Amino acid sequence: MTDEPLVLGIETSCDETGIGIVRGHTLLADAIASSVDEHARFGGVVPEVASRAHLEAIVPTMQRALDDAGVSLADIDAIAVTAGPGLAGALLVGVAAAKGYALAAEKPIYGVNHLAAHVAVDTLEHGALPEPAIALLVSGGHSSLLLVDDLAHGVTPLGATIDDAAGEAFDKVARLLGLPFPGGPPIDRAAREGDPEAIAFPRGLTAPKDLAAHRFDFSFSGLKTAVARWVEARQRAGEALPVADVAASFQEAVCDVLTAKAIDACRAQGIGTLVIGGGVAANSRLRALAEQRAEKYGIQVRVPRPKLCTDNGAMVAALGSHLVAAGVAPSRLDLPADSAMPLTIVSV
Amino acid sequence: MLVLVVDSSTPAVTAAVAEVTADAVALRAERRSVDARAHGELLAPAVREVLAEAGAGPGELTAIVAGLGPGPFTGLRVGLVTAASMGQVLGVPTYGVCSLDALGLAATRGLDASAAPDGEAAGRVLVATDARRREIYWGVYAAGRRVTEPAVDAPAAVAARAAEFAAGAAVGEGAQRYADVLALPVRPEPCFPPADALAALAADRVRAGAPSEPLTPLYLRRPDAVAPTARKPVLP
Ligand SMILES: [Zn+2]
Chain A
1 MTDEPLVLGI
11 ETSCDETGIG
21 IVRGHTLLAD
31 AIASSVDEHA
41 RFGGVVPEVA
51 SRAHLEAIVP
61 TMQRALDDAG
71 VSLADIDAIA
81 VTAGPGLAGA
91 LLVGVAAAKG
101 YALAAEKPIY
111 GVNHLAAHVA
121 VDTLEHGALP
131 EPAIALLVSG
141 GHSSLLLVDD
151 LAHGVTPLGA
161 TIDDAAGEAF
171 DKVARLLGLP
181 FPGGPPIDRA
191 AREGDPEAIA
201 FPRGLTAPKD
211 LAAHRFDFSF
221 SGLKTAVARW
231 VEARQRAGEA
241 LPVADVAASF
251 QEAVCDVLTA
261 KAIDACRAQG
271 IGTLVIGGGV
281 AANSRLRALA
291 EQRAEKYGIQ
301 VRVPRPKLCT
311 DNGAMVAALG
321 SHLVAAGVAP
331 SRLDLPADSA
341 MPLTIVSV
Chain B
1 MLVLVVDSST
11 PAVTAAVAEV
21 TADAVALRAE
31 RRSVDARAHG
41 ELLAPAVREV
51 LAEAGAGPGE
61 LTAIVAGLGP
71 GPFTGLRVGL
81 VTAASMGQVL
91 GVPTYGVCSL
101 DALGLAATRG
111 LDASAAPDGE
121 AAGRVLVATD
131 ARRREIYWGV
141 YAAGRRVTEP
151 AVDAPAAVAA
161 RAAEFAAGAA
171 VGEGAQRYAD
181 VLALPVRPEP
191 CFPPADALAA
201 LAADRVRAGA
211 PSEPLTPLYL
221 RRPDAVAPTA
231 RKPVLP
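Chains as they are written, first to last, in the UniProt record's numbering: chain A, 1 to 348; chain B, 1 to 236.
If we strip away everything but chain A, and leave its shape as in the complex, we get:
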């Protein structure tokens, strides 16, 4: 349908410069420039390096997105941009760029929440999202369980990590095992050859006393330390490291907790839809285990394809399109970037 809004989304909250274009729920372009290789030798994203890369990448990435979609900025109905949460300096480049585009093309601008965008992107794959739904968002920067009752106006946080994000644990364990950064894909690959039950790594915040206070919260710091202890003990004993078994057992511990708590949240709220997003949602074991457990309770699991799970501009465009369709008012031109933007705010 051509009367659906044509929306452009800009994402710069971490190390990906993403520009996506959607019409309604249809993805027209998803252009990405990543500075991940520049961060690899530091073992994590360096904010200033990411910000410099965004500034260099934004104009060419925009051109690619427009060319891929076969549209010009004059055709666009609205521009959405990640206003937070994320790295302050990185967010600022995207927000300032979005304002420049909006100002010069005389279009409305929407400053949106990155986490809500991770939920909204699923509409590009599976169509309109049933509400309410439960969302599990897991990446290098966040690990959250949310109740999505009205994606246009606000989502309700149910729980979040109390220490490391799930993706961070993947990065740190990958480093212990001599695997490259970012750690998610190489651990996923290594784990396929390993035994997930070889080593009994701890499941954070699942003991009865922890569940009382942290039913829907996560903790991955203890797991990370347990893996480090196990690896060091083998190394000190001069034994070869069974990389595949460690990777599989670690991955199983993470996926076990994430899916158990997500399914528990669905059942506690009587909700039949679970959406999973964020870079860790690209993990093959997480997807399989979530499906397997959800099936038992008749819960439908929606996970977008891996390229839409990691940070990208399409997710921001998807949320923008949802906001335009819901009649939400645009943001002001002085909208701030907010590195700690709360989940309860979907657009500023």
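Because the hints were derived from the structure by calculation, they are not lab data. Treat the hints loosely; a few may be bogus.
Selected chain A positions facing chain B (Cβ under 8 Å, derived; list incomplete) [said to hold, decoys possible]: (1) S51; (2) M62; (3) V93; (4) V95; (5) P130; (6) T225; (7) I299; (8) V301; (9) R302; (10) P330; (11) L333; (12) A337; (13) D338.
Chain A side only, calculated, beta carbon under 7 Å to chain B, not exhaustive [stated by the list, open to error]: (14) L6; (15) G89; (16) K99; (17) R229; (18) E232.
Note that the structure is predicted; figures quoted are calculated from it, not measured. Glycine is no exception: its CB is placed at the ideal position from the N, C-alpha and C atoms.
Got chain A sorted already, so can you dock chain B with the ligand onto it with the hints?
Quick look at chain B with the ligand alone, frame taken from chain A:
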């Protein structure tokens, strides 16, 4: 020819519309607010206001001129990405100007460039802006031109270099802040890169319709990033 001018290399956020004619540059509208923490909030509304005040739509701009710094990174990028994104939409060229050059031009313009060496030395001015971390971005200027290349150093080191290059006065908010260390008479104006000087420094390119330039910031510092050292063992 109408030109948009932006600079966010100092605590001042500047937006202006300038008219470049065959032999002059005149400001049609200018906004300046000083708030080092709010560049991202202040610049776009200021651009909209100066366009409105100049009675011009964005489509009437012939070019966009942006101060390349040097300046503290986060704020500096706001001006450059605003200029670049607007230039992309409008299909007009963007031109970069060293922000210290704009201060230097404003501080020494009008001095007689053909004066005797003594006179020229007397007219040399140190331009300094705040680089934070107790350092300043600086350059020495005479008769509107650079005597030294832009650099970043501690105020005491700059004082020594400024003496070496015979600067007789200092301008800029960096000079004001470290006036006691620099030991030079500090003039109150220009304090921040002036829009008319930025426009003047790009005027020849505007008139000639020179090709668009990538707006690469003058960072002068490498990012703070250290490769991780060996991991600390968790076992005792
Ligand atoms: Zn994300």
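Going down the list of hints, with the structure as the test:
no., hint, in the structure
1, S51, "holds (6 Å)"
2, M62, "holds (6 Å)"
3, V93, "holds (5 Å)"
4, V95, "holds (6 Å)"
5, P130, "violated (36 Å)"
6, T225, "holds (6 Å)"
7, I299, "violated (38 Å)"
8, V301, "violated (35 Å)"
9, R302, "violated (34 Å)"
10, P330, "violated (13 Å)"
11, L333, "holds (5 Å)"
12, A337, "holds (6 Å)"
13, D338, "violated (10 Å)"
14, L6, "violated (15 Å)"
15, G89, "holds (5 Å)"
16, K99, "holds (4 Å)"
17, R229, "holds (5 Å)"
18, E232, "holds (5 Å)"
Against the hints set out earlier in the document, violations occur for numbers 5, 7, 8, 9, 10, 13, 14.
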